[in-house]
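Trainee: Each chain is listed here by its residues.
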Amino acid sequence: MNYIFIFLILISFVCAIFNGKMDIVISEMFNAAKLAVEIAISLIGIMGFWLGIVNIAKKSGLMETISKIIKKPLIKIFPDIEDNPEAISNIALNISANALGLSNAATPFGIKAMENMQDKNPDKAHATNAMCTFLAINTAGFQIVPATVLAIVTASGMHNPTQIILPTLICTSVAFLSALFFAKILERYFE
Amino acid sequence: MIKFLNALSLYIIPLIIAIIFIHAIIKKTPSYEAFTQGAGEGFNIAVKIIPYLIAIMVAVATFRASGAIDILEKIFSPLLNYFKIPTENLIIMLTRSLSGSATLGVLADIIKQTGADSYASKLAAVITGSSETTFYVAAVYFGSIGIKKFRHALLAGILADITGIIVAVWVCSIFFL
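So the protein lines, in turn, are chains B and H. Sequential numbering of the first sequence, starting at 1, is according to the numbering used here. Sequential numbering of the second sequence, starting at 1001, is according to the numbering used here.
Taking lysine-lysine and the DSSO-like style, the derived pairs with C-alpha atoms no more than 30 Å apart in a straight line are: (1) B:76 x B:184; (2) H:1074 x H:1112; (3) B:76 x H:1148; (4) B:59 x H:1028; (5) B:72 x H:1027; (6) B:184 x H:1149; (7) H:1084 x H:1112; (8) B:124 x H:1048.
Some residues of chain H that are not near chain B, with every Cβ distance over 10 Å (derived): (9) 1073; (10) 1075; (11) 1076; (12) 1077; (13) 1078; (14) 1079; (15) 1080; (16) 1081; (17) 1082; (18) 1083; (19) 1084; (20) 1086; (21) 1087; (22) 1088; (23) 1094; (24) 1120.
Covered stretches of chain H, going by a simulated chain B footprint (3 or more residues, C-beta under 8 Å): (25) 1017-1025; (26) 1051-1059; (27) 1140-1146.
Quick caveat, the hints were computed from the structure, so don't treat them as lab data. For every residue, glycine included, the Cβ atom is placed at its ideal position computed from N, Cα and C.
Only chain B is shown next, with the shape it has when bound in the complex (with noise of 0.2 Å):
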């Protein structure tokens, strides 16, 4: 992260150099910093609501039914989180929702599911596999139907837009394999 975050900085120094940008470049550095702090307090209440609808269902067991559910399939992916019910329905939550197309929804479960990780992960610095594994499937953003994409072809008046369900299902399919794929190749390889 180190080496992306200085690396991507530079290069982009050197490129507003050649391209005669700089002003563009420093204007919009400063944007995204203000843009960060507006879009974490927007979060706020979308996140205050969906995890207080979560402690319910934790509070009520719910969530310990589901997790005794969906175990048996999840621990073959993340065989480090067996010991941890609420990872493992927090986990398989998320995975539905985004499924369903609610990444509102999403965000607090993933983020709930990080946090249950968390507690167990003995360097609280350093990233264990089923994070790694868990943030690669979320990036790769498997969705059944790709609502806000469609929202947008339809509002542009594309003939037909649900003509682009389908190969986006696959691709989507494919991606979120692959993820899973690349993650569980690369965890060896990284200390």
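Based on the hints, put chain H in the right spot on chain B.
Mentor: Just chain H now, with coordinates in the frame of chain B:
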């Protein structure tokens, strides 16, 4: 089909909430207390991810504004011609993993320039819909728990994005060309 899907996404949220509430009533859980207690955490999480979001969004924004993508576009254009990929689509491939709002902006721009029914628009829509913004997801999820050593997580995510784009080009050429 699209009506059914719209109805499904409309009723799925109330359905989830209703199931959780009914289960809580049966188990006699104090729902209001549990809700407010859980919701209180929303603020802490949002504040915790701020430094990570600033770092990643600043890096991505400088990269986009610097014109580095235009330089990459020149390098890649022979490859694009070979695979019959419209040049308009390169920018969306390069921004997909970096910025969600930029990707939606580029998609809208491609639709405006080439028309909603063009091959470029369909390919761009499939690429946008089939992935998440890898860098943003990493900042939010690892930021919320203070992970600093990402190990292979980003690399796996980016390799999966690249695989997704290759498949998108191939699948779209079968479906739409």
